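Residue-level listing of the chains:
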Amino acid sequence: MDALTLEVPRGSIFGFLGRNGAGKTTTIRLLLGLIEATRGTARVLGFDPETESRKIRARSGVLLESPGLLERLTAEENLDIYGRIGRLTKAERAARSEELLKRIGLWERRREPVKEWSRGMRQRLAIARALIHEPELIFLDEPTAGLDPVSAVDVRNDLLRLADISGVTVFLTTHNLAEAERLCDQVAIVRSGRLLSVGAPDEVGRDQRRPRIRLRGRGFSERTLAALEAHPDVGYVQPQDDGAIVTVGDREGISRIVAFLVRNDVALKEVSAVGKTLEDGVLSLFRVTEERSGDSGASDGPPRAAMGGGL
Amino acid sequence: MSDLRVVLAKEWLELRKSDSMWVAVATLIVFLAMIGIFLPWLLGPLWLRAPWVTMIWAWIPMFLVTTVTADSFAGERERRTLETLLATRLSDGAILWGKWLAAVVWVAGAMLLSFPLGVLSLNLMFAQGPYLPSIGQVLATVAVAFAAGGLGGALGILVSLRAASVRHAQQVLAIMVFTIAFVPLTVLRLAPRDWTSGIFSALTSGSPASTGWIFAGILAAGAAPILAMAHMRFRRGRIPLK
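Which chain is which? The protein sequence lines are X and R, in order. Taking the working numbering, the leading residue of the first sequence gets 213, the next gets one more, and so forth. Taking the working numbering, the leading residue of the second sequence gets 468, the next gets one more, and so forth.
Just so you know, the hints here were simulated from the structure itself, not pulled from any lab data. Misleading hints may appear alongside valid ones.
Rough simulated footprint, nothing fancy, chain X against chain R, three-plus residues with beta-carbon under 8 angstroms [unchecked claim]:
#1 475-488
#2 550-557
Here are the simulated lysine-lysine pairs, BS3-like style, with alpha carbons at most 25 angstroms apart [unchecked claim]:
#3 X:K327 / X:K314
#4 X:K302 / X:K267
#5 X:K302 / X:K314
#6 R:K484 / X:K267
#7 X:K327 / R:K484
Only a predicted model underlies this, so the values are computations on that prediction, with no experimental measurement involved. Just so you know, even glycine gets a beta-carbon here, dropped at the ideal spot from N, CA and C.
Let's have the full structure, built from the sequences with the hints guiding it.
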């Protein structure tokens, strides 16, 4: 990681997004004190990962790259062991296990060895394990990676439900942008260990997101589309069956584009704005950084991070 | 201490539920029968009275405990559970000592079952009895079994900490255990004759209890620096996670 500066609000679901190798897992390991940083400072729940990592781990739950379940044991035994590690009493462990397993729909299968379960079920149990000792913060590293779509939806729903009940701060890494958009209150985009942007999912890459409009009607010939693409207010034209989706330079240009099409005998039926997704923003950000290759792309100075409003 | 107990409970539960548990039980039965039935039948009252008899409880626990400790870190790394364990509030010491103690108590405890079994066999097979050990001999036998287990466990932990796989750890440990077994014999062979006869005389003239305590002391002295080395090498930020 290099020059990473960010703050995670307490009680939020924070998405840490980036491609494979962007440094997402490394960041989690650094914040938990599982690896040592060469320079920079961080505060997690007010504690320094370098000198007070045990306090951080005591208040955190984790689901790392692998579910990390004790596969020879049953679901109930897995939760019991980690409840003991979290210093819960026997009665607390039993009650908490029952609550969590019922919430994720695995209560009936609590006495089965985990090795017999599907990957999706194991992943859901691992999220429950992360929450067994009622942590203030949980780290989830790609919780839906490698899951089939149905299991991924189950995991996301469990996560939302459990986070909502416990009011826990969630630090979630993913490269699934739709997932981040759905789950996260805030996201940070990293690339090659550097922070590109941070903010609410609908704000990320906003500067780079140009307005898009859908044009529907009759008369969108090849010649008209080519002329449209050459128009000074138009960035990119994506032909559709009954028209086109057009990226425009700015909103003022839309009326000029409409006038141009009318002059070219296009009978317009509909002109509407196309919703901008987080994916558009992130891809734009990546494009901009690629264009600036050789540029630093991020602020100077050592990396800093704060979590749970700890600074 | 409570963290140590949690690690012990986790390790024992995993050992009990191990896929190879039936192999471990079968191995244990073979060794129990060998030490607790066959040797008393073969040696007669010497099984209890010979000064060197406590050494029986040294080699086997030392060998067996390495098979358990080889799995301690390398196995967790292979099963990808190590990082999750390290991400908990457990201290480095609780994890390291808990894993070591779990293996030592498990193996040495199981092997010591052969002692009362042997006493029973001896009294059933030879009518001139009763043959009963002194309290000192019982304690010395326990000390030898735990010291030998402790030495094997320390080696196992040290190797397993950095081994890429359980198989790799087991291969390294097999070489180490054979070295430990053969080095004393080689030293005895090469030592001056009066030294060798002195050692044999000590082994055949003392009581089983006193010889046992000396032997336990030597094993514990061997285990201590290895454990210290393992303790120094086990740091969360430095051990390989994959």
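Evaluated hints:
no., hint, result
1, 475-488, "holds (count 7)"
2, 550-557, "holds (count 8)"
3, X:K327 / X:K314, "holds (20 angstroms)"
4, X:K302 / X:K267, "holds (22 angstroms)"
5, X:K302 / X:K314, "holds (18 angstroms)"
6, R:K484 / X:K267, "violated (32 angstroms)"
7, X:K327 / R:K484, "holds (12 angstroms)"
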